[in-house]
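Q: For reference, the chains in residue letters:
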Amino acid sequence: MDQFFSNVSIGFSVALLPENVFYCFVGAILGTVIGVLPGIGPITAIAILLPATYNLNPTTAVIMLCGMYYGATYGGSTTSILINTPGEASSAVTCLDGYQMAKQGRAKAALATAAIGSFFGGTVATVLLMLISPLVATLALKFAPPEYFALMVVALTMVSGLTTGSAVKGLVSTLLGLLLSMVGLDAQAGAQRFIFGMPELMEGIDFIVVAIGLFAISEMLMAAGVFKKVAPEVLKVKGSVWISWQDLKASFPAYVRSTALGFAIGALPGAGGTTSSFMSYVLEKKVSKHPEQFGHGAIEGVAGPETANNAAHQAALVPLMTLGIPTSGVTALLLGAFMMYGLQPGPLLFETNPEFVWGVFASMYVGNVILLILNLPLVNVFAKLLDLPGAVLYSMVIAFCILGVYGLRLSMFDVGLMLAFGIIGYFMRTYNYPMAPCLLALILGDLMEQNFRRSLALSAGNPAIFLTRPITVVLLLIAVLILFGPMVLGSWRNARARVAAEIEPEAG
Amino acid sequence: MSFDRGLSIGLFLFSSWALYLSITMPKTAIRQTVGPEVFPIVISLCLMLVSVALFVKTTREKAASARRSELPEGEREDRRTQALALIGIGVYVFAMEPLGYILATSLLCIYEAAVFETGHWVRNVLSGIGFGVVVYAIFVTFLDVLLPKGILGW
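Residue numbers (the working numbering), protein chains in the order written: chain A, 234 to 741; chain B, -13 to 140.
Source of the hints: derived by calculation from the structure; they are not laboratory data. Here a beta-carbon is modelled for each residue, glycine too, at the ideal position from N, C-alpha and C. Some hints could be false.
To be verified - Partial chain A-side listing against chain B, Cβ under 10 angstroms, derived:
1. Val459
2. Ile635
3. Arg687
4. Gly694
Excised from the complex, chain B in its bound form (with noise of 0.2 angstroms):
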């Protein structure tokens, strides 16, 4: 199945969920003419038709969903390295509270850039520092943006 279909499938089930949630959508105290459920509902109902319009349209052209890509013909993608990338900013989520933001970003910095180039350690450690410090400074001094101090204290 091309990803236009499955997506096509999967949106339709997504528009008639919205439009479910919309029409039970709890009534307020507040009596209007038009309540808040129901431009939800128009446009729920909207995502259904264009959802069966991408269907018929995927259907009648039968060939596979067109792929773009900056890779030359036959390259694949690195999808190793775009996990990896993925991966980093995930962990980060959960790491910069507790790490701090100076921390956290320099080893991210130094991470992602590993990620996409393996080597130039100096280079990448003495960025990522760099770059965690310096933006720590700007934001906190000059921009009054209140970043996490963490473990560093600082």
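Extracted from the complex, chain A is given alone in its bound form (with noise of 0.2 angstroms):
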């Protein structure tokens, strides 16, 4: 405990240097109006501004970053209650009951249980993530490269196998951005892997390139294809935004269940903060002695899926530090930040670099407080944002993007590639190709080579490497569970219908 509370002073020392305040309130703004506006992600907004963190020192730039991160969920609770919509993903199901309140009057209330559940999980989770995080990292110094290979091999076959119902699609997202990972010059060999001749290919292809093209620009697409026809009606709040004690009563036990759940679920490749929105909701109702309220309004439908959305994001952090393993799109993207300031995630961090690791995380204290204070009083502020013409809103997250691309390199080529991977990602939303293994993967993709190529290295060439170790092997095994359990479970539940069904006549 003695540990725990001389790190949270290391943190604090860091996180409440006026600088660091500074850009976590920044990053906490941005984040808010990002989760506010539709159609603009915490991928986006993270993948745009990080050419615009290049001067800033690390320490500093991780926490602005977090603090977008974290910010969206605060702030995309708002157009879930008002205009029915979800800012980012996390937020969908909190569409249910908080456009219900707002209908029946109650936007304030649903307003302030969002927002309250949101600090509640985000801070508990930032206490346990300070808790945790060290027992991570010392396992984790235990790991060499085959431990390392099949745990990344682990995170990649549960993000493809559970950010959709199809893990033959999520495998095929996340294969080809391992192939794109390859791109370039092997760091290794220095041998020019799949360039086509082109220069501008030889340092391979920048993760933001991707993320962008991604994300935003088939959003945009998205948005273009149905504009004209889908138009919000945005229901107005009237002063400022607080909670009754006997709405605060009731959200309350929402607030602790959804807090443990979100950050459990949170932890895990792949589930994160829309699974843990979504399993806090349907706890919610289960538990509840008036299930019948949900999907009428009812507080708790809000309070849990805000609160275990945040709670996730901060769990998410922890394999993240203590391993460098993202199990998300955002923390992926975080992840090639990391990198791109010359730190690398994984548990010598917490030795080498301490005042940045606790630094961050106090500082997630700090920007749940803002954000707090943020969103109570200024909710009609953020929620005039809405009032945007999305025509000149869209013009500009355009701009933005091919900014943010070119800003990397001041290269065309990379806008051009970032065109292309555009079209691809309109295609993978269109047919529920999900888009977060890809980046994942081509994120991962490089450590994960160097892993692999180091364990043979180690046996020599024998790839028998992976199967004689432990912990290689129940990770294996785990993600072997992970891609073929559904389809075997599947195969005999089939049968056993068939059975059933079979004999059903001849009994009758």
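Could you use the hints to bring the two separately framed chains together as a complex?
A: Put into structure tokens, the structure is as follows:
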């Protein structure tokens, strides 16, 4: 426990530096704005703004990016409640009861419980993050290249299997991302791979180009396709937002349950904020004395999911910081950002750069307080953003996307690539191919290959090394179960159903 | 043919090509236990297998690829607007460096806003020019990012 308080003290000594508080504030505001504006998610915003953080010191830059990451979840609930459209995916379930509450004239209570729940989930999850991370990091110090390789295989298969209903589609996305990660000069031997004589590809394909193309440009294309046919109606809120004692009493148990649930789910690859918010909704409905009120304006239906998604987003930083393994699109982007600043997340980071790790963690308390203060009295100001003309907003987002990509290497070739990935992303969205696994694989690909090659170098090229080390075997078995478990289970259920159907007429 | 089935065939061909490129990759002077071609070979083979799995899956399910759309039932996406939005970015790729950031970006913003919603010209022109000038000033002055000056010369 002494160690915990010492870490907290190191963290706050960094997080409370005026520069860091300022950028945490900027990140939190930007995050909320991004969350409020439909069509711009945290992935897009972080990818666009990443080049603008080159001049900041790494700790300050990461504090700002993390502020945007969890700030977006706060803002996401505003649009769910006021226009029945989630500002970002993990706030989708909030529409069910949040919008109903707003229609019944209880928008203030819905917005307040979402903000307080987000604060509660985010803050408690940060405490858990600080308690658990050092333990995981100590365990991870025992990992050698084969274990790391197996861990990445598990992370990628989990993300492939869990992000959509189809593991095959997830795998397609993952493998394409891995192939993309190999474009350019091989780091170990200097071989040119898949560059087709184009010098622009020598340094590889930047993850920001892919992230902005897949997520932002494809979103703009989707928006262009439906823009003239879908016009949202914004419900108005007057005065500042606060919550009655009765509503708070009704929401509190949901805050506690959903924090635990969100944190547990959020640390798993592929699950994340969206899954945890849906599961929290199901849990709250199950334990409620009045489940019939869900879908008709139950406050627990807002409190639970909004708490769970914040806790989950914080929990996703456990595998990222301790193992260097991102579990979602946004954390993959954060990993890319860390690498860009010359930081390699993982167990060693806790020893080599404690000020960075604990500073970033402590900044999350600061960020959550800022977000609560911002979101309760200023929700009307943020809601005003919804009055921005969509056409102007989208045109500026497109221009920002181009600037974000061009700013990387001042190369129009990259902008062209972004456009190509935008078209690919449009088809992936349209036909339900998840995009996050592709981004994750692209960012993890290089590390994965390095660990794969180092493992084989250790065994003089014998692949049996992956089957002779206990942790590696367990991890690879988990990956196999994730991939084939649902298929085997499905076939078994079908066979049982067939047998039951055959027996029934005979018995009859 | 459904999208998924067409894609599975395309992916099989693509992964075969990637496999061929990996196998025929020129050798480097540095001798290593595991060369730079091994991982691409493994991944290409995995992609071939997954493309076969996707083909089998689409054959078994026989259902047309499920499309996701935010539109009400029966409504179709506005392909013309999508194509025009794409063309705007495509033209910008070639026009930005010769025209300069401010001019090209202002024109892009005005054009894209008009593509999304016709009319509102004054609003679109003012916001487009404002965006181009303000962003240029911020990036060049505060963030030291060099953006093309082009024909305006500033």
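Q: Hint by hint, say whether it matches the structure.
A: Now the hints, each set against the structure:
1. Val459: holds (5 angstroms)
2. Ile635: holds (7 angstroms)
3. Arg687: Since chain B brings a Cβ to about 9 angstroms from Arg687 of chain A, closer than 10 angstroms, the hint holds.
4. Gly694: At 5 angstroms from the nearest chain B Cβ, Gly694 of chain A passes the 10 angstroms test, so the hint holds.
When each numbered hint is compared with the structure, no violation occurs for any of them.
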